[in-house]
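S.K.: Here is how the chains run, residue by residue.
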Amino acid sequence: MNNRSNTTFTELEKRLRQSAPPCAPVHIARVERVCASLNDLPPTGASHASHPAFGLFARRVAALVLIVLTAVLAPRVVMRHPQKPPLLPFSANSLLDGLNALHIPQRMTGPLATESENLLTDLVTLTAVVNERTFAILF
Amino acid sequence: MTQGEAQAFRIVAEALEPRLERFFAQLGVPTSDRDDLFQETCLRLYRGAASYDARRPFLPWALTVARRVMLNWHRARKPTVELDEARCVADTLRPVPESSDADDVWAFARARLPAAAYELLWLRYGEGLEPAEIAAVTRRTPVHVRVLLHRARAALAAALEHDGTGI
Numbered sequence: 001m002n003n004r005s006n007t008t009f010t011e012l013e014k015r016l017r018q019s020a021p022p023c024a025p026v027h028i029a030r031v032e033r034v035c036a037s038l039n040d041l042p043p044t045g046a047s048h049a050s051h052p053a054f055g056l057f058a059r060r061v062a063a064l065v066l067i068v069l070t071a072v073l074a075p076r077v078v079m080r081h082p083q084k085p086p087l088l089p090f091s092a093n094s095l096l097d098g099l100n101a102l103h104i105p106q107r108m109t110g111p112l113a114t115e116s117e118n119l120l121t122d123l124v125t126l127t128a129v130v131n132e133r134t135f136a137i138l139f
Numbered sequence: 001m002t003q004g005e006a007q008a009f010r011i012v013a014e015a016l017e018p019r020l021e022r023f024f025a026q027l028g029v030p031t032s033d034r035d036d037l038f039q040e041t042c043l044r045l046y047r048g049a050a051s052y053d054a055r056r057p058f059l060p061w062a063l064t065v066a067r068r069v070m071l072n073w074h075r076a077r078k079p080t081v082e083l084d085e086a087r088c089v090a091d092t093l094r095p096v097p098e099s100s101d102a103d104d105v106w107a108f109a110r111a112r113l114p115a116a117a118y119e120l121l122w123l124r125y126g127e128g129l130e131p132a133e134i135a136a137v138t139r140r141t142p143v144h145v146r147v148l149l150h151r152a153r154a155a156l157a158a159a160l161e162h163d164g165t166g167i
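Protein chains in written order, with this note's numbering: chain A, 1 to 139; chain B, 1 to 167.
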C-alpha cells in the first residue's frame, strides 16, 4: 500500500515537472519600461545616508557631553555629603572611650546602613542621569 | 543611478521577466495587471538590493518579493472580509481555466485544489524550489511546507483518481 502510494506520488511529481509550462520569451518593451521608471526614481538612500565623518563627530560630542555631565554632577553628589571636619587630636582616654563605644557593634549598624543606602542612591541617580543624557544624544 | 547599475539592473530584469510573467500567470493574475506587478516587483528589488544576501540563491528572494507584491494587489482589488471567508472568496475569484482536462495536470490542479495548495505545488514543481526555499518565500516553516506539499499531492492524486484519468 505504502509502496503504491510512493510510486503514485513519484509519478505525479514527474508528471508535474514535465508538464510545467515553459517560460515565454522576454517581453523587451516591459523591461524597457521598468528601466525607464528606475531612471526617474529619486535617489533613495542619499538623503538618509549620513556623512562618514558624522559618526566620528557624534561619538566625540557624546564623549564630551559625558565628561561635562560627570564634572557637573559629581560635585553635587559630593555636596550632599559634605566632608566632615578633620578630627581633633585626642588623648588616649578619649581613644579608649571611643573604642568602648565601638565595642558594641549594634550601635554602628544603623549609621553604616544609612550611609550605604545614601551612597547607593547617589550612584543609581548619577548612573541614570548619565545614561539618559548619553542615550538622548546618541539616539 | 549609475551607468553600471542600469546595465546590471537590465540584465536582472531581462532574466526575471519570463519567470515572473509565468509566476503571475500561474497564480491567477490577469494579463492586464502583470505589467504593473512586474514593475512594482523590480522597483522593490532595486530598493531592497542592499538587503539581499549574495550567498543565497537569487530566485527565491525575487519570488518572495513578487509574491508580496501580488498579495498586496489581491488585497487592493477585493473588499476586506473575514479570514475564513477570504479563502472562499479567493477560491471563487480565482480564474478557472476553460479546459480543466486532466491531460493538462496544472490546469486540472488549478481547478481542483485550493489556491494555497496550488501555489505550493507550483513553487515546488513549476519553479523547482526546495521546501526550505518555499518556506522562506511563503513565510512558513520547512516542516509545515513539507506537510502541506504532501497534502496537496495527495489531494491532487485523489482528484485524478476520482476523475478516472489516473496519474
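One or more of the hints may lead you astray.
Under the rule of at most 25 Å between Cα atoms (straight-line distance), these lysine to aspartate or glutamate pairs were calculated in the DMTMM-like manner [claimed, not checked]:
#	chain 1	residue 1	chain 2	residue 2
1	A	LYS14	B	ASP33
2	A	LYS14	B	GLU127
3	A	LYS14	B	ASP104
4	A	LYS14	B	GLU130
5	A	LYS14	B	GLU5
None of these hints come from the bench; they were simulated from the model.
Predicted, not measured: the structure shown is a model, and the values here were computed from it.
S.K.: Just pull the numbers of the violated hints for me, sorted ascending.
M.R.: Of the numbered hints given earlier, those the structure breaks are 1 and 5, listed in rising order.
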